[in-house]
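There are 2 protein chains.
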Amino acid sequence: MKLITRNTDYALRAICYIAKENKIVTAPELVKVLGVPRPFMRKILQRLSKEKILESHKGQAGGFKLNLLPKKISIIQIMHIFQGQTGLDGCFLKKDICPNRGKCILRKKIRVIENNALTQLRQINIAVLIKG
Amino acid sequence: MKLITRNTDYALRAICYIAKENKIVTAPELVKVLGVPRPFMRKILQRLSKEKILESHKGQAGGFKLNLLPKKISIIQIMHIFQGQTGLDGCFLKKDICPNRGKCILRKKIRVIENNALTQLRQINIAVLIKG
DNA sequence: GCTTAATGATACCATATTAGTATCTTTTGT
DNA sequence: ACAAAAGATACTAATATGGTATCATTAAGC
Ligand code: FES
Ligand code: FES
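Protein chains in written order, with my numbering: chain A, 14 to 145; chain B, 14 to 145.
The reader is advised that the hints may include incorrect statements.
Which copy? The list can't say, so a pair holds if one copy fits it or any two copies do.
Taking lysine-lysine and the DSSO-like style, the derived pairs with C-alpha atoms no more than 27 Å apart in a straight line are [as the list claims (entries may be wrong)]: (1) Lys71 <-> Lys15; (2) Lys144 <-> Lys71; (3) Lys116 <-> Lys36; (4) Lys63 <-> Lys121; (5) Lys71 <-> Lys122; (6) Lys121 <-> Lys71; (7) Lys116 <-> Lys63; (8) Lys15 <-> Lys36; (9) Lys71 <-> Lys116; (10) Lys85 <-> Lys65; (11) Lys122 <-> Lys78; (12) Lys84 <-> Lys116; (13) Lys78 <-> Lys33; (14) Lys15 <-> Lys63; (15) Lys45 <-> Lys121.
These are calculated hints, taken from the structure and not from any lab test.
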């Protein structure tokens, strides 16, 4: 039941910090503030800017700032980036597709629960998180 | 977002089968029916009987049967057995406890979502799953 | 009582995912 | 030119999960 992973957590914290500061923030600054290993933080930031969540500025006095309004960044997007597709199947039968697939009750129930969770996750955006 | 793991899935399928048959079922039979690797299935069954979900009978003509009414076996119990504690923290800050812990909004939100999922999972029991 | 077919216990290996590191190149303000 | 930033990429480590192998123990049935 691990909803969010470490990557995602770090990413969210970084984004929140950048959102609060509302200025260009450098990787070293984030490393200091969040206490995350430097190369790891950099990797995460690169990913976020590649995904257009952040906007990066190279060169001296460079850094990162948000590329979207905090309101427009849902945590589910970030989960997507670092954890791949969110939905899953609920049936692990070997390699082949389970013959029972259509009727499987467990499968259906799990689907519903997942969708509920996803709906709730979609509501949470950065604006919500930084607002005390 | 992997709600249930392979272990759990296999276990649930085994339990459902045993519940439907409503007799003593052997590991080899389950292996055949469910198409799960034999030693793996055995390991799962052993665990289930150790946890008092199943009742095991040794010796020739031995096997497993349910130790509880299907209604009394919630899938969350099985998740517990094979996936450990279900709740988690939502904060991954290094080793120490996050100073922000108390106020952290993300944390709270995640908690709520998890609890909702858990509540829903608690509703699902074997009786529900085997009822067409 | 001996054989056989079952489970109990345990220790081990394989694979995938996640976490983290290292290194080198490119860009840009001063 | 130089320094300080990000870009790119390839590698290693740790952990969790999935799966295997082996040997001991129990009990029904002849
Ligand atoms: S048993 Fe295969 S989908 Fe549920
Ligand atoms: S940032 Fe530590 S609990 Fe949320």
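Going through the hints against the structure:
Neither within a single protomer nor between protomers do Lys71 and Lys15 lie at most 27 Å apart by alpha-carbon distance, with minima of 35 Å and 37 Å respectively. In this homomeric assembly, Lys144 and Lys71 never come within 27 Å of each other (Cα to Cα): the closest approach is 30 Å inside a single copy and 61 Å across copies. For the identical chains of this complex, Lys116 and Lys36 are inter-copy neighbours only, at 24 Å across copies versus 53 Å inside a copy, given an alpha-carbon limit of 27 Å. For the homomeric pair Lys63 and Lys121, neither the shortest alpha-carbon distance inside one copy (35 Å) nor that between copies (29 Å) is at most 27 Å.
In this assembly of identical chains, the alpha carbons of Lys71 and Lys122 never lie at most 27 Å apart, being 48 Å within a copy and 35 Å across copies at closest. Taking the closest pair of Cα atoms, Lys121 and Lys71 never come within 27 Å of each other, the shortest separation being 48 Å inside a single copy and 36 Å across copies. Taking the closest pair of Cα atoms, Lys116 and Lys63 never come within 27 Å of each other, the shortest separation being 41 Å inside a single copy and 31 Å across copies. In the homo-oligomer, the alpha carbons of Lys15 and Lys36 never lie at most 27 Å apart, since the shortest distance is 32 Å inside one protomer and 36 Å across protomers.
Taking the shortest Cα distances, Lys71 and Lys116 never come within 27 Å of each other, neither inside one copy (54 Å) nor across copies (34 Å). When the C-alpha separation of Lys85 and Lys65 is checked against a cutoff of 27 Å, the pair qualifies only within one copy, where the shortest distance is 12 Å, while the shortest distance between copies is 49 Å. Within a single copy, Lys122 and Lys78 get their C-alpha atoms only as close as 41 Å, which misses the 27 Å cut-off; across copies the closest is 25 Å, which meets it. With identical chains, the CA atoms of Lys84 and Lys116 are at most 27 Å apart between copies only, with a shortest distance of 20 Å across copies and 40 Å within one.
For a Cα distance limit of 27 Å, the shortest separation of Lys78 from Lys33 inside one copy, 10 Å, qualifies, whereas the shortest one across copies, 58 Å, does not. Taking the shortest Cα distances, Lys15 and Lys63 sit within 27 Å of each other both inside one copy (25 Å) and across copies (26 Å). For the homomeric pair Lys45 and Lys121, the shortest alpha-carbon distance between copies (25 Å) is at most 27 Å, but the shortest distance inside one copy (45 Å) is not.
In terms of the numbered hints stated before, the structure departs from hints 1, 2, 4, 5, 6, 7, 8, 9, listed from lowest to highest.
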